[in-house]
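Colleague: Residue numbers (numbering that gives the first Met the number 0), protein chains in the order written: chain A, 0 to 187; chain B, 0 to 197.
Simulated from the structure, these hints should not be mistaken for laboratory data. The beta carbon of each residue, even a glycine, is placed where N, CA and C say it ideally should be. There could be a bad hint or two in this list.
To be verified - Reference excerpt, derived from the structure (chain B facing chain A, CB under 10 Å, subset only):
id: 1; residue: S94
id: 2; residue: E108
id: 3; residue: E112
id: 4; residue: Q115
id: 5; residue: R124
id: 6; residue: G135
id: 7; residue: P137
id: 8; residue: E138
id: 9; residue: L171
id: 10; residue: P175
id: 11; residue: N179
id: 12; residue: P182
id: 13; residue: V185
Unchecked claim - Have a look at the derived ranges for each label pair, beta carbon to beta carbon:
id: 14; chain 1: B; residue 1: V42; chain 2: A; residue 2: S1; range: 39 to 47 Å
id: 15; chain 1: A; residue 1: V11; chain 2: B; residue 2: L35; range: 29 to 37 Å
id: 16; chain 1: A; residue 1: L16; chain 2: B; residue 2: K166; range: 19 to 27 Å
id: 17; chain 1: B; residue 1: P175; chain 2: A; residue 2: E42; range: 46 to 54 Å
id: 18; chain 1: A; residue 1: E42; chain 2: B; residue 2: A45; range: 52 to 60 Å
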Amino acid sequence: MSGAFAKLGALVLAAMLLAGMQRYTPGYAEITGPIPLRGEFGETLAGRGFTVRADKVLLARKLRFKAYGREVERDTGGVFALVIARLEAQPASITIGSATWRSAQGARFVASARFQGAPRLLGADRLEPGLPQRGVFIFEVPREAVDGATLLVAASRWPRLDTQVEIALPVKPDAPALVIDLSELAYE
Amino acid sequence: MIVSWLANLRQAVSSKLTIGIGGLLALAITSGQSLLEALEQPVLPALAAGTPLDAGRWRIVLHEARLTTHSRPDGSPAPGGAQFLALDLDIANRSSETDNTFARIVAVEPPIEGLQPNPTFWLLRDKAMLSALQPGLPERVQVIWRLAPGAKAPERLRLVVNGETFKPRDNLFAAPGWFNRKPIAVATLPVVPAEPKP
Chain A
0 MSGAFAKLGA LVLAAMLLAG MQRYTPGYAE ITGPIPLRGE FGETLAGRGF
50 TVRADKVLLA RKLRFKAYGR EVERDTGGVF ALVIARLEAQ PASITIGSAT
100 WRSAQGARFV ASARFQGAPR LLGADRLEPG LPQRGVFIFE VPREAVDGAT
150 LLVAASRWPR LDTQVEIALP VKPDAPALVI DLSELAYE
Chain B
0 MIVSWLANLR QAVSSKLTIG IGGLLALAIT SGQSLLEALE QPVLPALAAG
50 TPLDAGRWRI VLHEARLTTH SRPDGSPAPG GAQFLALDLD IANRSSETDN
100 TFARIVAVEP PIEGLQPNPT FWLLRDKAML SALQPGLPER VQVIWRLAPG
150 AKAPERLRLV VNGETFKPRD NLFAAPGWFN RKPIAVATLP VVPAEPKP
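Please put together the full structure from these sequences, using the hints given.
Modeller: In structure tokens form, the structure reads like this:
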């Protein structure tokens, strides 16, 4: 009789152990996820394949630029967040396919695709080693997603076992500029 | 000899009975399920124009459907007198990530003859093609279908709105995502005829 109880107990224990492991061990997506590289604003961070330095954050209600010979003005229901940064390939040519604005609440805003043809847009061109690019990442976010945001830069939108640079941004949602002209931005 | 033969027989009969009963039970359950599915005519709730609908991943408000001669919201009329069907709607991205899967939200059901599939989505704010929707920023969008030349202009547009549900851990990679797309509402909009030529 006690043997039957021991068998049953072992079975229950094994089932509990398996359920616990299924629930509380990291999943495949987490194990093979991005490798975070956290750093300070204004600091040059060297990930696998590229270096990045975020220099300035600006907020604006409207952005103006010239694309393909046409004046374009873009407005938004939220606010435009601009991060002026310096990127360099290291050690070989690379395209930085992903810049993401992560809000304090965890929402992820991919760099806006509404600025095709704008000058000095980062992430569009391939980077070469020894030829750093200074330019701007443009995000479109609700105002409540500004405070406590983090900039994520990686070679692809969902990096797998690859660097994801994470830079906490010193930015407050108060007083965004009315209009910023992208061709008049001071990049240097 | 006889006793052991009887015991064997008993075992064989009982195991065959068990298998048989189990099999019949499984058959009964699956047939019952498929019968229920066949019987159940899904009655989708009707969605009126101007009413917001929570579709899991998106929140949408349908506005006006109309015939037009413009292939895009800013341009001059398309050459050759081509006709288009335009639908105005508001879409808000309720997920936590920038999203470009908005083409799945509405489907014309039943299909209209002469209406070409794969409409273009335009962001009215820019009068340019919609590329992505940012979370928490609703946008006014215009969907434009091309009508085949000579096709009869529809008077009504019946749309099925699709919803998706969030899973914090999917079955394959244990990654969060949106799954189980299925129709959750139906809207029938009158199609406003094209404005007369000046």
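Colleague: For every hint, state whether the structure bears it out.
Modeller: Hints versus structure:
1. Below 10 Å, beta-carbon pairs count as interface contacts, and S94/B has one with chain A at about 8 Å; its hint therefore holds.
2. Interface hint status for E108/B: violated, as the beta-carbon distance to the closest one in chain A is roughly 30 Å, over 10 Å.
3. The beta carbon of E112/B comes no nearer than 35 Å to any beta carbon in chain A, farther than 10 Å, and the hint placing it at the interface is violated.
4. Given the 10 Å rule on beta carbons, the hint for Q115/B is violated: about 25 Å separates it from the nearest Cβ of chain A.
5. Interface hint at R124/B: satisfied, since its Cβ lies 7 Å from the closest Cβ of chain A, which is below the 10 Å cut-off.
6. With its C-beta approaching chain A no nearer than about 4 Å, G135/B sits inside the 10 Å limit, and its interface hint holds.
7. With a least beta-carbon distance of about 7 Å to chain A, the hint placing P137/B at the interface is held under the 10 Å criterion.
8. Against a cut-off of 10 Å between C-beta atoms, the interface hint on E138/B holds, since the closest Cβ of chain A lies about 7 Å away.
9. Residue-level restraint check for L171/B holds (minimum Cβ-Cβ distance to chain A is 8 Å; threshold 10 Å).
10. A least Cβ separation of about 8 Å between P175/B and chain A falls short of the 10 Å threshold, and the interface hint therefore holds.
11. Given hint, N179/B at the interface with chain A, is violated; its Cβ is 19 Å from that chain's nearest Cβ, farther than 10 Å.
12. Annotation: P182/B was flagged as interfacial toward chain A, and the flag is violated, the nearest CB pair being 27 Å apart, outside 10 Å.
13. For the restraint placing V185/B at the interface with chain A, the shortest Cβ-Cβ distance is roughly 29 Å, beyond the 10 Å limit, so the hint is violated.
14. Checked against the given bound of 39 to 47 Å, the beta carbons of V42/B and S1/A, roughly 58 Å apart, lie outside it.
15. In this structure the supplied range 29 to 37 Å holds for V11/A paired with L35/B, their Cβ-Cβ distance being about 35 Å.
16. The given range of 19 to 27 Å is respected by L16/A and K166/B, whose C-beta atoms sit roughly 24 Å from each other.
17. At about 31 Å, the beta-carbon gap between P175/B and E42/A misses the expected band of 46 to 54 Å.
18. Hint check: E42/A to A45/B, Cβ distance near 57 Å, so the stated range 52 to 60 Å holds.
Checked against the numbered hints given earlier, the structure breaks hints 2, 3, 4, 11, 12, 13, 14, 17 and satisfies all the rest.
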